[in-house]
Amino acid sequence: MNIFAFVKRVPDTESRIRIQDGGKSVAEDGLNFVISPYDEYAVEEALRLKEAKGGKVTAVALGPEEALVVLRKCLAMGADEAVLIKDEAADSYDGLRTATILAAYLKAKVGPFDLLLFGKQSVGADNAQVPSMIAEILGLPQVNVVTKLEVGDGAGTAVREIEGAREKVGFALPAVISAQKGLNEPRYETLRGIMAAKKKTIPVLTVGELGLSAEETASRVEVLRIEIPSARKAGKVVTGPAADTARQFVEFLRNDAKVI
Amino acid sequence: MILVFLEVREGKIKKSSLEVVSEGARRAGEMGSSLAAAVAGSFDPAAAADVHALGARTLYHLESADLAQYSSQGFAQALAGLAAEVKPKAIWMAATAMGKDLAPRLAAKLKCGLATECTRVAFAAGRLEYTRPIFAGKALMTIALKGEPSLATLRPNVFAMGEAKAAPGEVVRKAAALNAGEIKARVEEIQKEQGADLDVTEAEIIVSGGRGLKGAENFGLLRELAALLPRAAVGASRSAVDSGWIDHQHQVGQTGKTVSPNLYLAFGISGAIQHLAGMSGSKVIVAVNKDPEAPILKVADFGIVGDLFEVLPPLKDELKKALAE
Numbered sequence: 000m001n002i003f004a005f006v007k008r009v010p011d012t013e014s015r016i017r018i019q020d021g022g023k024s025v026a027e028d029g030l031n032f033v034i035s036p037y038d039e040y041a042v043e044e045a046l047r048l049k050e051a052k053g054g055k056v057t058a059v060a061l062g063p064e065e066a067l068v069v070l071r072k073c074l075a076m077g078a079d080e081a082v083l084i085k086d087e088a089a090d091s092y093d094g095l096r097t098a099t100i101l102a103a104y105l106k107a108k109v110g111p112f113d114l115l116l117f118g119k120q121s122v123g124a125d126n127a128q129v130p131s132m133i134a135e136i137l138g139l140p141q142v143n144v145v146t147k148l149e150v151g152d153g154a155g156t157a158v159r160e161i162e163g164a165r166e167k168v169g170f171a172l173p174a175v176i177s178a179q180k181g182l183n184e185p186r187y188e189t190l191r192g193i194m195a196a197k198k199k200t201i202p203v204l205t206v207g208e209l210g211l212s213a214e215e216t217a218s219r220v221e222v223l224r225i226e227i228p229s230a231r232k233a234g235k236v237v238t239g240p241a242a243d244t245a246r247q248f249v250e251f252l253r254n255d256a257k258v259i
Numbered sequence: 000m001i002l003v004f005l006e007v008r009e010g011k012i013k014k015s016s017l018e019v020v021s022e023g024a025r026r027a028g029e030m031g032s033s034l035a036a037a038v039a040g041s042f043d044p045a046a047a048a049d050v051h052a053l054g055a056r057t058l059y060h061l062e063s064a065d066l067a068q069y070s071s072q073g074f075a076q077a078l079a080g081l082a083a084e085v086k087p088k089a090i091w092m093a094a095t096a097m098g099k100d101l102a103p104r105l106a107a108k109l110k111c112g113l114a115t116e117c118t119r120v121a122f123a124a125g126r127l128e129y130t131r132p133i134f135a136g137k138a139l140m141t142i143a144l145k146g147e148p149s150l151a152t153l154r155p156n157v158f159a160m161g162e163a164k165a166a167p168g169e170v171v172r173k174a175a176a177l178n179a180g181e182i183k184a185r186v187e188e189i190q191k192e193q194g195a196d197l198d199v200t201e202a203e204i205i206v207s208g209g210r211g212l213k214g215a216e217n218f219g220l221l222r223e224l225a226a227l228l229p230r231a232a233v234g235a236s237r238s239a240v241d242s243g244w245i246d247h248q249h250q251v252g253q254t255g256k257t258v259s260p261n262l263y264l265a266f267g268i269s270g271a272i273q274h275l276a277g278m279s280g281s282k283v284i285v286a287v288n289k290d291p292e293a294p295i296l297k298v299a300d301f302g303i304v305g306d307l308f309e310v311l312p313p314l315k316d317e318l319k320k321a322l323a324e
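Residue numbers (numbering that gives the first Met the number 0), protein chains in the order written: chain X, 0 to 259; chain R, 0 to 324.
In isolation and in its complexed conformation, chain R is listed as follows (with noise of 0.2 Å):
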């Protein structure tokens, strides 16, 4: 069996944790495995349907009072104790914050393997390989992991959502045996950021802008571009961040966010070497620069040469209508 962890935030499965039960299916139906589904908290159980079409039959449910707001000591338990009792060959789950943060708790409880922000993920002589970037994409390393289950967490918006499917599945609904006592942290409280739902390593679409923008004011150019375009997110380079004009969680690149965009627009983005490292898996990259030697127009797939300040308000227009066709 695959298990694969969903993480739900706000009552919600996360398009992520579906691409990862996308995923699943395609690799079970290779190992002749099943694949299961495991959810830890509050879960309304009319979103299990979603689960089931994607290819995974069964989905547990694992309650408990002290599961009702994430933590990793309480969460990595309940995972545990399901995977003692239905011992999976792998449990995979999303490289979110949440899952980077449970994955490795889980991995030391049960003395197992763990690749992390996997890219790719084949069936091949019996086993499992794991492929993932290292030096934020420079290379990629590909692994497999001695002993069972293995653990993984998979990269959003890399794995391809499956075909959903109407399936008949069940939803069993287990409780979880914690030690409350083991749980040494608790969310107090979550503050969110305005305007910023998405996060650069979710986005579909990213904005970008670099030091060309020449000041933090700037930035709004491309919040307003990126407010036109569907699951789109405002990204920047290092030198953008660390002249304080936009926050950190922003950042694309080595000492950044490594992202895999459909599309990454970059303006006024040089290209160094830690920027093209974290954002070279976009499926496609447009850059606006005046410099026609800037590294980022040789990983272009188109560029223009010119002044981001006169091509954005033509931009935004051709887009606008563009999108209202």
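Chain X extracted, bound-state conformation (with noise of 0.2 Å):
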């Protein structure tokens, strides 16, 4: 099978959030960063794919240089290649702008592929369009927030999360998965798998010789300004013997909170 796994490089979810430029953008500099969680549940669903089933897995990014090493870190973990399209503009918070960068490089640089596997969405942005949109542009089916997949000849099935249930979807290959929590539990990199992870290359393309135009290639979302949500204060805090704390807290419900 021949699969990729897209990954974005975001800041850790300890990270406290500063906004900069005016309310225009969120501040970079302090934060840690890292492979976005639920992207790790993708790579790992791909190695376990061509583990059982053999083929080839390839990681790709599209961000700045600095997201090199969330595509070193699925070198390490097994993957077989990795490539960056290197996209310098700064996080658009354009789905379909991704959507359409990412499904020109599949068509330009890529044969024949069996799966394009995501996070269910970006920790950050938490847009949550990507897959569904390269999928329509490919033409491809999608099955979404995946907890079981499997795939055979030329089809799967998969489990996704609805509301108070599960929905099994069988879909035709090649396809497009979104991985969610629960899918996998991702394995940890070997120092073996780091030393020959040091040692390959990672090809850089750039947006602009994807062959799209500036049109397709520019954001249709205009950020008009990011604030901080004001900080909740504290209320009262109680203690005492149960059975007090417990006619307080119902009598704070009724009359204070009035949700009962």
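Heads up, none of these hints are tricks.
In silico DSS-like cross-links for lysine-lysine, where the CA-CA straight-line distance does not exceed 30 Å: (1) R:256 <-> X:167; (2) X:167 <-> R:14; (3) R:110 <-> R:173; (4) R:282 <-> R:256; (5) R:164 <-> X:257; (6) X:257 <-> R:11; (7) R:110 <-> X:85; (8) R:213 <-> X:235; (9) X:52 <-> X:199; (10) X:108 <-> X:55; (11) X:23 <-> R:256; (12) X:147 <-> X:55; (13) R:315 <-> X:235; (14) X:108 <-> R:183; (15) X:52 <-> X:108; (16) X:232 <-> R:315; (17) X:167 <-> X:55.
Source of the hints: derived by calculation from the structure; they are not laboratory data. Source: prediction; values computed, not measured.
Each chain sits in its own coordinate frame; assemble them with the hints.
The following block contains the structure:
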């Protein structure tokens, strides 16, 4: 199987977010960047499928030069190849722009493939747009928020989360799958993997060499402002015998919060 | 025109879709624009009255044998066909599992911008502005989308339900011309999770547990409490999920779900930054924690410093009494 796993470099989930640029962008200095957590499940699933069925796993990132670190991690986990599509534009928050660029890369630089794996959303932009959009552009089926994946000859089934239930979806290959937590447990890199990854060359392409027009790579999203929500104020805190605090609790719900 | 896609599950229009219709009515009024709704596949026209009553005079019913079961490829084709005909300024739907699956495919088909999981929509300087949380709510981003239509998914439980007024309306049935060959993924089965009809993103009350619960078996205490309350669901912190005590579907926070219930009850949750990001949009927060320094108590409207296992039994009794009155 020829499998592609798409990964993004994002601030880790412990990060405190600060605003700069007159409220137009998120300050990146002082943040610790990692592979977007859901993308790790995508990479792990790609590796497991390859181990079961043979084939090749390629990790692809779109972003600045610094994203090479994230691709190096994918190689250390066991990906065969990695590619960076260099894009110095600040995060545009336009999922369709990203999907258009990644689809152009697949059309221009890659032969037939079986699966495109993504995280269900990047942690940060929280858009959850690119997998479905690339599927539409390439005329492929999609299954999003997947917690179980089985792939056979030319077709597969995936289980995805919906409200209070799970949907079992049958799909034809090639297909786009986006991974949810629970799909697998991502492996740690081994020392041997890290050493081997260091020796590999990661080709760097630019958005400019993919044959897209300026219109196609322009963002449809105009960021008007980014704000930090005002902090909640601490309310009343009580302590004492459980029976007393429980009664005060219910009184609060009824009289102050008016929720029951 | 603002066009709202209505999600139908088990024959009923979802409450979150009606919230989107309500917001559509408010914004269309400001824009001097009309409001219409669309539904795809099987639909009982008797339910249309609820949609008309919230301000959508026209309800398009898109029909085709290939729309009987939801598929992103089928539904996106049908809606794109309708959009080409009625040329809406905006297409909105609820940010549910279906909405989040469908909207980006539709946006790619229509080559237009999409704002995901909006918590506020405004009409200013002649255009729509969409506000949406980023970093699971650590920041709020307001964007405008270039071109028409603009697409948006609106987060459930955030937009107020409008006041229903009996109003005339029409259901316009349209045969959707679909290329069935384009539908390459189909739902084969829906497996319901027992006792979890309501997802945390849709619940009005969330009873949530963390590391302080000490084990999977104690989530039963929270389920019992949730069963007493209307439209309540059980939530969990990441450490409870990672300990294997409860399924990830219930996780609230940055690698789980971002929620905005009327009431969030946190039992034994310390309040790590990832968790606070996911639930700070709750209207009222109540927390029970042994540690008086727990960060959750700094954001709670009401906090109890105490042992949750001691507080829960009298709390349940007091709640039962209060609800019976």
